[in-house]
Amino acid sequence: MILSRRTLLIGGASGLLAGCDKLNDSPNFRETLRSAEGLTMRAQRLISSREALAREFDPADRSPVFRANGTRNPDTPDYNRLAAGRFADWRLAVDGLVRRPLSLSLAQIMRMPNRAQITRHDCVEGWSAIGKWTGVPLSLVLDQAALRDEARYLVFHCADRYGSRPYYESIDLIDAFHPQTILAWALNDRLLPIPNGAPLRLRVERQLGYKHAKYLMRIEARSTLAGLYGGRGGYWEDSNDYEWYAGI
Amino acid sequence: MATSDPLRPRRDNQPRTDTGADEIVRRHRLTTRLWHWTNALTVFVMLMSGLMIFNAHPRLYWGQYGANNDHAWLEIGSRGESGYLRIGAVTIPTTGVLGYRVEANGQANRRAFPGWATIPSNYSLSAGRRWHLAFAWVLAIGILAYWLVILANRHWRGLLPRRAELHPRHLWHEIKDHARLRFPTGAAALDYNTLQKLSYAGVIFVLLPLVILTGLTMSPGMNAAWGWLPDLFGGRQSARSIHFICAMLIAAFILVHLVMVVLAGPLNEIRSMITGWYRLPQPKPVTVPPPAPAQAAEAQP
Chain A
1 MILSRRTLLI
11 GGASGLLAGC
21 DKLNDSPNFR
31 ETLRSAEGLT
41 MRAQRLISSR
51 EALAREFDPA
61 DRSPVFRANG
71 TRNPDTPDYN
81 RLAAGRFADW
91 RLAVDGLVRR
101 PLSLSLAQIM
111 RMPNRAQITR
121 HDCVEGWSAI
131 GKWTGVPLSL
141 VLDQAALRDE
151 ARYLVFHCAD
161 RYGSRPYYES
171 IDLIDAFHPQ
181 TILAWALNDR
191 LLPIPNGAPL
201 RLRVERQLGY
211 KHAKYLMRIE
221 ARSTLAGLYG
231 GRGGYWEDSN
241 DYEWYAGI
Chain B
1001 MATSDPLRPR
1011 RDNQPRTDTG
1021 ADEIVRRHRL
1031 TTRLWHWTNA
1041 LTVFVMLMSG
1051 LMIFNAHPRL
1061 YWGQYGANND
1071 HAWLEIGSRG
1081 ESGYLRIGAV
1091 TIPTTGVLGY
1101 RVEANGQANR
1111 RAFPGWATIP
1121 SNYSLSAGRR
1131 WHLAFAWVLA
1141 IGILAYWLVI
1151 LANRHWRGLL
1161 PRRAELHPRH
1171 LWHEIKDHAR
1181 LRFPTGAAAL
1191 DYNTLQKLSY
1201 AGVIFVLLPL
1211 VILTGLTMSP
1221 GMNAAWGWLP
1231 DLFGGRQSAR
1241 SIHFICAMLI
1251 AAFILVHLVM
1261 VVLAGPLNEI
1271 RSMITGWYRL
1281 PQPKPVTVPP
1291 PAPAQAAEAQ
1301 P
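The listed protein sequences derive, respectively, from chains A and B. Just so we're aligned: 166 in the working numbering is position 166 of the first sequence, and the numbers increase by one with no gaps anywhere. Just so we're aligned: 1176 in the working numbering is position 176 of the second sequence, and the numbers increase by one with no gaps anywhere.
There could be a bad hint or two in this list.
Ranges between beta-carbon positions, derived for each pair [unchecked claim]: (1) Lys-1176(B) to Gly-12(A): 33 to 43 angstroms; (2) Phe-1044(B) to Asp-61(A): 29 to 39 angstroms; (3) His-1036(B) to Arg-45(A): 53 to 63 angstroms; (4) Trp-1228(B) to Pro-64(A): 20 to 30 angstroms; (5) Gln-144(A) to Phe-1253(B): 49 to 59 angstroms; (6) Leu-1181(B) to Asp-172(A): 58 to 68 angstroms; (7) Arg-34(A) to Arg-1079(B): 30 to 40 angstroms; (8) Ser-4(A) to His-1170(B): 51 to 61 angstroms; (9) Ser-4(A) to Lys-1176(B): 29 to 39 angstroms; (10) Ser-49(A) to Pro-1168(B): 47 to 57 angstroms; (11) Gly-1080(B) to Thr-7(A): 32 to 42 angstroms; (12) Gly-1202(B) to Gly-163(A): 25 to 35 angstroms; (13) Thr-1038(B) to Ser-103(A): 50 to 60 angstroms.
In short, the hints are calculated from the structure, not lab data. Here the structure is a predicted model, which is why all the values come from computation and not from measurement. Cβ coordinates follow ideal geometry from the N, Cα and C atoms, glycine included.
Between the sequences and the hints, there should be enough to build the whole structure, so can you do that?
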């Protein structure tokens, strides 16, 4: 059999491609790739202060339309009932490793000191939108609930589901106490619309969009992410192997 | 025989006579060769996993923000059973390649770039990111180390064109020679010509640093750490556009580079990048030139 140069080239190239796919399917290789995530997180934290702020923009810099992505309406019976009552019966539970578990109404949260910030929202897909968010700094809520010493992570339990799986996300205490980390109840000076996460969503401005959990129902302080759902700290982390540290 | 110290500068090695007719000289340093093959792998992984990431949102914008409702200056998409690439107001049909194709199993595929161009070949943004963000470390550490080495061993001088070489008449002369595939022979082949210098220096000192910096600019964490990054490029979406343009230019460089290697004699060229030893190309008339030191053989017509 005579191998033409073309056959060799195409054969070689598709062999390499098949090799990449095979590597991609290998758990060991993926674990190696995954180790870059820890390296990236440590490197970013090394060169930036804990308080380093995300850029804040002028009102004129805002996107004309703020794109909503992911779940646009949880559309569960419970959520629909809450939305029909304009979230008057909605409560945010703050529990887990806290000394004073809380149950906060939307009115109570809106009466707390608030912070407004015009920031850029970066989706993992590549697009960005700029909008103004108003909400209570998460640190104030955590101070009220008084975290126990063992608490290391905050888990955000959401009202939306993907099939049978509930959406959830988590951050560590460095991001939780960052001054721009807020529980937002308004977008562009209007109460948070349902596609953007009504009645309350997380803003964690130094990370990608999927970390900004929408439709918040419960904040749980934990010492570890192991043992919760898939154990990787978030819906997309569990189901699709997205990075838990989404600062890049 | 020349010594086998691989870090010894090329000029210190006298051309060595192999068969009596061909001169074989040490051409590439060990550091150059190591960096070359590390990059050959890394750049391919970066390009192909990058195209996978692009497939998640095949639109590019200028400025701070940009999403589906905003104006994209570049877009790859599909309408019905045809694919297209739109740049500004110009729409180019790309059915079968970009935006739309029918797979071997008969299924329509509307991803911007086809599976043979992406890592992994089936759509997975998260896997593409895992590859891209892991190999980005290899690329960045590699070029940093290479810069330090060529600064220390002064190899960078051979990569930057001299002033006289940038004269338009000289450049035009070289372009004509290149287009006629008339390559230098003998010891003159040891020096990079101006076009080579411009493209190698362009990749090493412009494209690679740009692609790394614009990559970092897309990171919200890095934006908070180094606020000057988005300022430098006019916003995150501009940085994303420049990142893509640089990647395409690097791909174009690789294509031309591979064609030139094939035209210049692939076995000799590839061997020189593996072992370091390079056989000097002989002029067409088979008169054996006297074995002169490299500098003295400059007298080319």
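Structure-based check of all given hints:
| no. | hint | result |
| --- | --- | --- |
| 1 | Lys-1176(B) to Gly-12(A): 33 to 43 angstroms | holds, 34 angstroms |
| 2 | Phe-1044(B) to Asp-61(A): 29 to 39 angstroms | holds, 38 angstroms |
| 3 | His-1036(B) to Arg-45(A): 53 to 63 angstroms | violated, 33 angstroms |
| 4 | Trp-1228(B) to Pro-64(A): 20 to 30 angstroms | holds, 27 angstroms |
| 5 | Gln-144(A) to Phe-1253(B): 49 to 59 angstroms | holds, 58 angstroms |
| 6 | Leu-1181(B) to Asp-172(A): 58 to 68 angstroms | holds, 60 angstroms |
| 7 | Arg-34(A) to Arg-1079(B): 30 to 40 angstroms | holds, 39 angstroms |
| 8 | Ser-4(A) to His-1170(B): 51 to 61 angstroms | violated, 41 angstroms |
| 9 | Ser-4(A) to Lys-1176(B): 29 to 39 angstroms | holds, 33 angstroms |
| 10 | Ser-49(A) to Pro-1168(B): 47 to 57 angstroms | holds, 50 angstroms |
| 11 | Gly-1080(B) to Thr-7(A): 32 to 42 angstroms | holds, 35 angstroms |
| 12 | Gly-1202(B) to Gly-163(A): 25 to 35 angstroms | violated, 50 angstroms |
| 13 | Thr-1038(B) to Ser-103(A): 50 to 60 angstroms | holds, 56 angstroms |
Of the hints listed earlier, those the structure fails to meet are numbers 3, 8 and 12, in rising order.
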